[in-house]
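Here the protein sequences line up with chains A and B, keeping their order. So in the working numbering, spot 136 of the first sequence is number 136, and the numbers just go up one at a time. So in the working numbering, spot 242 of the second sequence is number 242, and the numbers just go up one at a time.
Simulated from the structure, these hints should not be mistaken for lab results. Please note that a few of the clues may not be correct.
Note: identical chains are not told apart, hence a pair may lie in one copy or across any two.
Said to hold, decoys possible - Only pairs whose alpha carbons sit at most 20 Å apart, straight line, appear in this in silico SDA-like list of lysine to any residue:
no. : residue 1 : residue 2
1   : K3        : N164
2   : K53       : D229
3   : K228      : R84
4   : K53       : R84
5   : K296      : L330
6   : K271      : P260
7   : K296      : E174
8   : K296      : D161
What follows is the residue order along each chain.
Protein chains: 2
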Amino acid sequence: MAKQKASASAHPNIALVKYWGNRDHALRVPLNDSLSMNLGEIHTTTTVEFNVKLEHDRLILNGAELEATSPAATRVVAHLARVRARAKIETKARVESKNNFPSGAGIASSASAFAALTLAATRAVGVELNERELSVLARQGSGSAARSIPPGFVEWLTSWDANNSYAVSVAPPEHWDLRDVIAVVSAEEKTIGSTEGHRAASTSPFLVERLNALPGRFHRVRRAILAKDLALLGPAIEEEAIELHSIAMTSRPPIYYWSPAMVRVIQSALKWRAEGLAVYFTLDAGANVHLICESKDAEAVATRARGIAEVQQVIVNAPGAGARLVEQHLF
Amino acid sequence: MAKQKASASAHPNIALVKYWGNRDHALRVPLNDSLSMNLGEIHTTTTVEFNVKLEHDRLILNGAELEATSPAATRVVAHLARVRARAKIETKARVESKNNFPSGAGIASSASAFAALTLAATRAVGVELNERELSVLARQGSGSAARSIPPGFVEWLTSWDANNSYAVSVAPPEHWDLRDVIAVVSAEEKTIGSTEGHRAASTSPFLVERLNALPGRFHRVRRAILAKDLALLGPAIEEEAIELHSIAMTSRPPIYYWSPAMVRVIQSALKWRAEGLAVYFTLDAGANVHLICESKDAEAVATRARGIAEVQQVIVNAPGAGARLVEQHLF
Chain A
1 MAKQKASASA HPNIALVKYW GNRDHALRVP LNDSLSMNLG EIHTTTTVEF NVKLEHDRLI
61 LNGAELEATS PAATRVVAHL ARVRARAKIE TKARVESKNN FPSGAGIASS ASAFAALTLA
121 ATRAVGVELN ERELSVLARQ GSGSAARSIP PGFVEWLTSW DANNSYAVSV APPEHWDLRD
181 VIAVVSAEEK TIGSTEGHRA ASTSPFLVER LNALPGRFHR VRRAILAKDL ALLGPAIEEE
241 AIELHSIAMT SRPPIYYWSP AMVRVIQSAL KWRAEGLAVY FTLDAGANVH LICESKDAEA
301 VATRARGIAE VQQVIVNAPG AGARLVEQHL F
Chain B
1 MAKQKASASA HPNIALVKYW GNRDHALRVP LNDSLSMNLG EIHTTTTVEF NVKLEHDRLI
61 LNGAELEATS PAATRVVAHL ARVRARAKIE TKARVESKNN FPSGAGIASS ASAFAALTLA
121 ATRAVGVELN ERELSVLARQ GSGSAARSIP PGFVEWLTSW DANNSYAVSV APPEHWDLRD
181 VIAVVSAEEK TIGSTEGHRA ASTSPFLVER LNALPGRFHR VRRAILAKDL ALLGPAIEEE
241 AIELHSIAMT SRPPIYYWSP AMVRVIQSAL KWRAEGLAVY FTLDAGANVH LICESKDAEA
301 VATRARGIAE VQQVIVNAPG AGARLVEQHL F
């Protein structure tokens, strides 16, 4: 076939137990098991067309063509090469991708981007992978993309066998009316990418102790989700968020993700909780604060978050679906 | 003698290797060796008069009498009891104490206060202790007061024998023209006192690894001071400051000393350094940022710090003297 086209959509996810550090950097096999929730309000849609007339891959992100030599383009082309190897073709592709959230908002889009790319590209070349195979493949493009393949609440286990580290759903989106109210405080590109952070993790004197403690925390978080127990979940995810940043800040050289605005939102959330609002924070490797609460409290949390001067935007997310094919192509 | 009076003055100190956690909470024997610089610009002056006519101890701090049942009064009275036990008397005392820095500035005054109190009270009752004995006694009032007894750059070693944990001078004040430019950002009382923080330290999963790493860092910091090598000192003290806060934040329950303003000053200092200014930060268990540089750069650092909106006051400190008797009584 001269032209083969498919489109897919996927959500970013917020890790409640974080992915930080790799057993294998090239294959993105993580040091530890992680657990996340897909973010239903925000998504990436990607169309991939393999076309024998193309002399090289073309990548259009949010309407702008990526420079072929840019790190982002290099990473996408490497992922297309994985798909081509599996389909035993050499055809070049045109990839268009759009996020329904602003690029400058500090919301990591690599998970949703590589999940959507993996599904669209494999289907475009006629390779039908199951969820597990898609997750393994997406993982090699961006580790946390493995978790944006299955729906709802998702666990991603590590393995000494790279083909055996994939994500599966712990519970579907409708299992629990949990909300992630993202307080967007950063319009700046983060200065240190996650890939660099994963490499630096092993230089923290605290990493080994973290790895010792993680299985117990993972179990607590998984049980809290299955039992829909926010009072059990909340303290565990705050511990986890602070620990991620402690590892980053004690890496050599240190990685500081903290910003004044982030600290302001965290302090506010602690105050609101002291006043009786059941809200807990988590953080990723950026400056935004993710405020976790139940749906009944989401509007109260969002309203308060909007009242903080440093908060530029608030996005309320229900648990989201997994990666899926979409009919409407972007081109 | 019916009335016995003496006055003493002492400086607070900034720990370059921190005191955090105790082997013995009651006797304030620390978990680890620490190392500090006395802060020459700020000091506490204290007059103690033992008077047989007094029926109970009276404590006046910055002109206001302390409530007898307040935690601060209880702590001072307990310290007076140690002095009385040593002098074998039961006479009550009047204690007046003044800081030359604002109480609300978040500058810990317990080190200078208990150092000055220890020297004034022992001399008032006619007990002449040497520097080592003063340091051991001051330590029992406030751990870091042990370090405000000797002059200049000071190390305080721990010991399994409580009477053997005292501070000594590593180098006199004139050894190195180092400066601590304090960026005062907090006018609030800190919500968690150091005493509580010391007790919580052992609940951090990272404490053991910190204790493993500290002897090496202590040696680096001590060598850097002896060699007057800021490029060696700086990274070590920043590591140490971040580690203190990592331990506090990963304690159960967590202790958050971070404030938006503190993060702003840290980020600024990192930026100034990237621009070529040789300045490094350290933190204590509060919100102020201590900017460490050499005297030639102190004015540049102070000017820049004053330019940060959240900075309320800047105090430039040369290395300070040890605790000493003063002629002028406060009453």
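Do the hints match the structure? See the list:
1. K3 x N164: neither (33 Å within a copy, 82 Å between copies)
2. K53 x D229: neither (55 Å within a copy, 63 Å between copies)
3. K228 x R84: The answer is neither: 42 Å in one copy and 59 Å across copies each exceed 20 Å.
4. K53 x R84: Classified as within; 16 Å inside a copy, 95 Å across copies.
5. K296 x L330: Answer is neither: 36 Å inside a copy and 60 Å across each miss the 20 Å cutoff.
6. K271 x P260: Answer is both; intra-copy 17 Å and inter-copy 15 Å each pass.
7. K296 x E174: Only inside one copy: K296 and E174 sit 15 Å apart there, 63 Å across copies, limit 20 Å.
8. K296 x D161: Cα proximity of K296 and D161: none, with 42 Å in one copy and 57 Å across.
Of the numbered hints listed earlier, those contradicted by the structure are 1, 2, 3, 5, 8.
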